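Undergrad: Sequence lines, in order, name chains P, C, B and R.
For the first sequence, the positions run -15 to 375 when this note's numbering is used.
For the second sequence, the positions run -15 to 375 when this note's numbering is used.
For the third sequence, the positions run -15 to 375 when this note's numbering is used.
For the fourth sequence, the positions run -15 to 375 when this note's numbering is used.
The reader is advised that the hints may include incorrect statements.
[Unchecked claim] If you want the ones that stay clear, here's a sample from chain B, every Cβ over 10 Å from chain C, calculated:
| no. | residue |
| --- | --- |
| 1 | L(-12) |
| 2 | R(-5) |
| 3 | N53 |
| 4 | H114 |
| 5 | E135 |
| 6 | A154 |
| 7 | E168 |
| 8 | M171 |
| 9 | M177 |
| 10 | F202 |
| 11 | H268 |
| 12 | A346 |
| 13 | R357 |
| 14 | L371 |
[Stated by the list, open to error] In silico contact screen, one side only, chain B against chain R (beta carbon under 8 Å); selected entries:
| no. | residue |
| --- | --- |
| 15 | E218 |
| 16 | W271 |
| 17 | A364 |
| 18 | L368 |
| 19 | A370 |
Calculated from the structure, these hints are not laboratory results.
Predicted, not measured: the structure shown is a model, and the values here were computed from it.
Built from N, CA and C at the ideal position, the CB exists for glycine as well.
There are 4 protein chains.
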Amino acid sequence: MSELLEKGAARTRWIRSRMPLLAAARREFAERQPFAGRRIGMSLHLEPKTAVLLEVLAAGGAEVVATGNHGSTQDDIVALLRSTGMTVFGARDDTIEQHMSNVASVIEAKPDILLDNGADLAAGVVASGHAESVVGGTEETTSGGIRLRDELAGQVPFPVIVINDSMLKAIGENRHGVGQSVVESVMRITNLMIPGRRFVVAGYGWCGRGIAQYLRAFGGKVAVAEVDELKAFEAALDGYRVGDLAQLAEWGEFFITATGAPNVIGPDVIARLQGGAILANAGHFPWEIDTAHLRAAASAVSQLDAAIERFDLPDGREITLLAEGRMVNLAGREPKGNSLEAMDLGFLLQALSLERVATAAAGLVPGAQPVPRDLERLIARRFLDALGADR
Amino acid sequence: MSELLEKGAARTRWIRSRMPLLAAARREFAERQPFAGRRIGMSLHLEPKTAVLLEVLAAGGAEVVATGNHGSTQDDIVALLRSTGMTVFGARDDTIEQHMSNVASVIEAKPDILLDNGADLAAGVVASGHAESVVGGTEETTSGGIRLRDELAGQVPFPVIVINDSMLKAIGENRHGVGQSVVESVMRITNLMIPGRRFVVAGYGWCGRGIAQYLRAFGGKVAVAEVDELKAFEAALDGYRVGDLAQLAEWGEFFITATGAPNVIGPDVIARLQGGAILANAGHFPWEIDTAHLRAAASAVSQLDAAIERFDLPDGREITLLAEGRMVNLAGREPKGNSLEAMDLGFLLQALSLERVATAAAGLVPGAQPVPRDLERLIARRFLDALGADR
Amino acid sequence: MSELLEKGAARTRWIRSRMPLLAAARREFAERQPFAGRRIGMSLHLEPKTAVLLEVLAAGGAEVVATGNHGSTQDDIVALLRSTGMTVFGARDDTIEQHMSNVASVIEAKPDILLDNGADLAAGVVASGHAESVVGGTEETTSGGIRLRDELAGQVPFPVIVINDSMLKAIGENRHGVGQSVVESVMRITNLMIPGRRFVVAGYGWCGRGIAQYLRAFGGKVAVAEVDELKAFEAALDGYRVGDLAQLAEWGEFFITATGAPNVIGPDVIARLQGGAILANAGHFPWEIDTAHLRAAASAVSQLDAAIERFDLPDGREITLLAEGRMVNLAGREPKGNSLEAMDLGFLLQALSLERVATAAAGLVPGAQPVPRDLERLIARRFLDALGADR
Amino acid sequence: MSELLEKGAARTRWIRSRMPLLAAARREFAERQPFAGRRIGMSLHLEPKTAVLLEVLAAGGAEVVATGNHGSTQDDIVALLRSTGMTVFGARDDTIEQHMSNVASVIEAKPDILLDNGADLAAGVVASGHAESVVGGTEETTSGGIRLRDELAGQVPFPVIVINDSMLKAIGENRHGVGQSVVESVMRITNLMIPGRRFVVAGYGWCGRGIAQYLRAFGGKVAVAEVDELKAFEAALDGYRVGDLAQLAEWGEFFITATGAPNVIGPDVIARLQGGAILANAGHFPWEIDTAHLRAAASAVSQLDAAIERFDLPDGREITLLAEGRMVNLAGREPKGNSLEAMDLGFLLQALSLERVATAAAGLVPGAQPVPRDLERLIARRFLDALGADR
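Start from the sequences and build out the full structure, keeping to the hints where you can.
TA: Structural data, given as structure tokens:
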């Protein structure tokens, strides 16, 4: 066994043993063979947890043709998947051109079913002209769902189940998974304490709610900045200080963004930060903190530790940026990301939605749609059973 | 001044001074006179907080013709309202026939605008044949909203804004108002401690979420029984023990129902309760605990204290029932109900929705509809300002 | 049965049924008869929970001669106790002279054992010259313990176990009992909401810790003012805002004192309060808020509701005082005080300490001393068993 | 600059910038020169945070002669310290004999002042016969304090301030520092979620209190096993399930020990664990989990991930052990240990106690003693100031 393959095997062992929902799906799929004769084309992060999902699909009879996202592909996992007979395109150091070519390769393989991320495969299949041969697919992200309903509206003749619209994901992954992993990551990267510290959470969507809740649970003083009045109202009754970001800039010590919007921490806010302030982002895109401005304004920039950069401003203040403004719960040394249980849940949504598409596409409408309610109920029940919630 | 009037005046003084949203609306209405020349017909609990709402409407130029709900009318408040020139029908000891006649009297007064509760006035106006003369109205309850959309569908030619559909109410009044007041009432009535005690909350809607949250906040061990899998999933991730009511019956010490459904604690559950169990209901209708069964099954029933009844069962167990299974946060000596802030919020939703109906009914569709989004945003902002949420 | 006696019987029924530790002690004492032939002299609040304690002592063979504290004696409870054959002096409306005479009557009855409060009986027995005939006693309060160790040092030839020194009481009664009942009382009296409101707790002893914890648990924003740096440090790590009272005066909406010291909220603090501020005291003595200053400074004083007074100051601010600055958890309509479980615990400390004094005084040193460790362990175990803490 | 030195410098940069209390002490010491002409002998973990403490002592004029604990010495930190002119003995791979020889070297250097750990230096100085030349010292650990008061009682002619006896350390480092870092480490190592999971914490001392509190704060269901009835009582009122470890063995999913006692999780408990149980230790010594028994009983042992070992038992159950039963908050990839603030606090206690010993030993008694109260107050105030607790 190659060293790379060995490493990939080692890194999935614990994970596989702690994803009970996928393990059960694997046993069922092995029996039911829902994907027998089907080719599933996939575009999703190629990391250890995803590998477990792909194994489950393969156990259900699928031929898997996969590629990763640009920049996040882990070579040992690629080696592991290839060793099981899957076709996998991509490597960690791929250029953006190579990545585009990988996606094209998946489309050229003429998959029957798509496991999509950002609607890249759906768009490619439509552009390639053989969308009619696709049975259906799933889409992981909200932004992919928007693209399907907007840019690709009316052009996708097959059903696409949008996983991220499910309340199970909103609560299980965004609120609790992200909430927990962001607080864990901030502690791990900075080694600072939470109790008594002043945190500003920008955005009170599902992620922001989770982050604020977990910070306060650890004894942090938490303020919320939210432009939507109804969410701000909810935050206030949840007991948080609620205010404008500009105003809270002078109060906070840590700032964590989870808004989905660009440049939330821009020049105006940065101008009012106190020396020593620490900035981190939890939103999907690395644009919520205006790092370009920070970098341009700084008289000196220094790397203090893994994922910790210090910006000295001409006025004498020093500002700390974590993880270069990228998702903080995926950063630093040995990042873990969302909990295994949260991923197990999200991937069971994927697996059973793909089965529905494969076996009952006729009962679904074409285009983007939510996870069927009966599947959500089934998955909630299984999650409760796995958790032993009644003890 | 009569003694009754004096009492009504005394009981509203503190309340009026702590409802800042209504106080501001009163000043605005006094200037804008949105109800000038309008007669508002009302059917709602006649108690001190409602009196403050009616004063606000009168300040806006309305002629008020009002009656209460059966059995909850407070005579001192009636005296107070009459002293300000309003027409008020009803008394505490009214029979159900008298109450029906009071509602009929309000309808006969030909109101232009309805402030309705359970859609009684809307149904009466439709039946009376002069629905065309009504400009519009508001409906306080969800069940009234259902009646408008179902039984009265297509028959109501004027707009009715359903207050209870607002998320502001769900969060402000159901989650936090009811959550807080139920826990306060259980403590006040029983004088028992919360920390370390075992509570079962039946139902994980907005009220149930609030009750579970506030009980756990005080150190209670809380289990949730919820038949909807998705809500049960949410409860489990919120950290509660989640199980069947029948199974939890043997574990719990306190049981609080907030499901909206009848006989949730029925013979099967009662059969499995441990001796000493305490039962209370927080749902709107007094039907969630099967008190008839309890009464029939008991070998002895004794009143231990205000709102505390003990049922001795033939097998030796004794079960305690609070408030006869009626809403526990309105029971016992000196019940207070939801907080002044929660009511201030709910009544501002009423006041501004009534103004919208009075001044811009043409912009609204006929029949039941939610609170206009712009009003919700405005009210959320005002609530935040009143709270000083930014400190 | 007289009406008064009937009322006393009714008011103790629920209470007696929910004090399982005392109920078990009663059964044991009935068998062991530790007080056979003994006369116990008592000076303690004569209210329903105390009545249950006295019944337990009587069941153990004691002849009980009792009086209450000045101003808190409840006549129905006196009637109830007398109906069981106890000698009880005192009535609600006693003058201070009558009260002193009642205490003297207890001393004249030559009790063998003292159940004391503030060391009044111990001092009286010493002054009367027949301290030698006393076997021993218990003292409820810390201030009584100080008096025994200070003013009466060396003069008390018998052992006195000081109940309030026990950590079981500090945690069970001060932290959790008082913490819970203060928050419940503030809600019941004011009908205001807790979440999002700004509270200042003065003092971070056991009571202050409990009050702050329970307020925050309900979503309140809580600041702590504490002059002892070590306690202030603890409060800060517990996640509270920590500052000077004068500084916090401008921030807070509610102020609750639990310091033990006089005039904590004095002219300086009052001068900086925001209009609308609400003041309450949880400390034993009604001196923590300088109500005399408030009354003198006000241009108008009005009673807004039971236990709610409003002071209009010449500068236009209005300040609200709850319960006249007396213990807020014993005030308002239908006050309940500490939970039955907290009192059950405290009174079991009393009962078993009295038994130790009665049966094994020779093993104790003369003068003030803590509850024997073996009794504390026994009582902790019984409390855990009664709570069913293992479920 | 050597690579090792470079690495040591890089690893202390962030840490030094976030220990404000030590930074201020450094400035003061540079001015006051309390250690001018003094040689400080040290035996303590040689890792980045300790390096910052030693720099502060050197800034105060001390000549530093240091060695580490066996097995934990970090070579880059040794390089860094040597580069500043300190005499440092030891390397990561030292045998136990080499370590003993290092300690002897420190003693042979005839230090005036001792910074001790486990009383090794004090014992060595006494044995060497020149204890009279030592001015005084500090001792980091409780077990060192016990040794001084027991084995070395009467033999130590100089004052030794025992840092770990301070309530500032108990609360700041044990409760909050360890509580936070244990939960962070369990999440980082296992990548499992906390909410809804069942945890058993063995021991309810300061560490156990912190661990239980932080686990519950994150939504875990927490039970406490504690043999001391008074602490068990406290845990029950804090709202935890309280029971015997043997009984809880069948309920829990995670078990974390913090008792200080050996073999708390021994054969009896292991026999009752459910398959899938995860064991971790937070106590100082790696003896609380009987890993020898586990290893002997297992039919197979496999390493699943860094710090994760799986034991397959012959009866089919599999048990997971974290960090080989060593302190879990110092284990796994990139362990961080207690927060910088907790260490900053503990090391300021060290620094100012050493200054007191150096400048005012005459005012101290010989032998073990607590941190002087005035220093504790001063440090609490500084910590509050650094935290900005009043915001």
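Undergrad: Take the hints in turn and mark each one as holding or not.
TA: Verification of the hints:
1. No beta-carbon of chain C comes within 10 Å of the beta-carbon of B/L(-12); the shortest separation is about 17 Å.
2. The beta carbon of B/R(-5) is not kept farther than 10 Å from every beta carbon of chain C, the shortest such distance being approximately 7 Å.
3. Even its closest Cβ contact with chain C, about 20 Å, leaves B/N53 beyond 10 Å, as expected for a residue assigned away from the interface.
4. The non-interface label for B/H114 is consistent with chain C: the shortest C-beta to C-beta separation is roughly 40 Å, beyond 10 Å.
5. With 10 Å as the threshold on Cβ separation, the claim that B/E135 sits away from chain C holds: the shortest Cβ distance comes to roughly 36 Å.
6. The Cβ of B/A154 sits about 15 Å from the closest Cβ of chain C, beyond the 10 Å cut-off, so the non-interface label holds.
7. A Cβ of chain C approaches the Cβ of B/E168 within 10 Å, the least distance being about 5 Å, so the stated non-interface status is violated.
8. A beta-carbon of chain C comes within 10 Å of the beta-carbon of B/M171; the shortest separation is about 5 Å.
9. Annotated as non-interface, B/M177 brings its C-beta within 10 Å of a C-beta of chain C; the closest such distance is 4 Å.
10. B/F202, annotated as away from the interface, has a beta carbon of chain C within 10 Å; the closest lies near 6 Å.
11. Separation of B/H268 from chain C is adequate, the least Cβ-Cβ distance of about 20 Å exceeding the 10 Å criterion.
12. A cut-off of 10 Å between C-beta atoms confirms that B/A346 is not in contact with chain C; the least separation is 37 Å.
13. Under the 10 Å C-beta cut-off, the non-interface status given to B/R357 relative to chain C holds; the minimum distance is some 23 Å.
14. B/L371, annotated as away from the interface, has a beta carbon of chain C within 10 Å; the closest lies near 5 Å.
15. The interface hint given for B/E218 is met, as the beta carbon of that residue sits about 5 Å from the closest beta carbon of chain R, less than 8 Å.
16. Nearest Cβ of chain R to the Cβ of B/W271: about 26 Å, over the 8 Å cut. The hint is violated.
17. The criterion of a C-beta within 8 Å of any C-beta in chain R is met by B/A364, whose closest approach is roughly 4 Å, and the hint holds.
18. This hint holds: B/L368 has a C-beta 6 Å from the nearest C-beta of chain R, less than the 8 Å allowed.
19. For B/A370, the interface hint is violated, since its Cβ never comes within 8 Å of a Cβ in chain R; the closest pair sits about 10 Å apart.
When the structure is compared with the earlier hints, violations turn up for hints 2, 7, 8, 9, 10, 14, 16, 19 and for no others.
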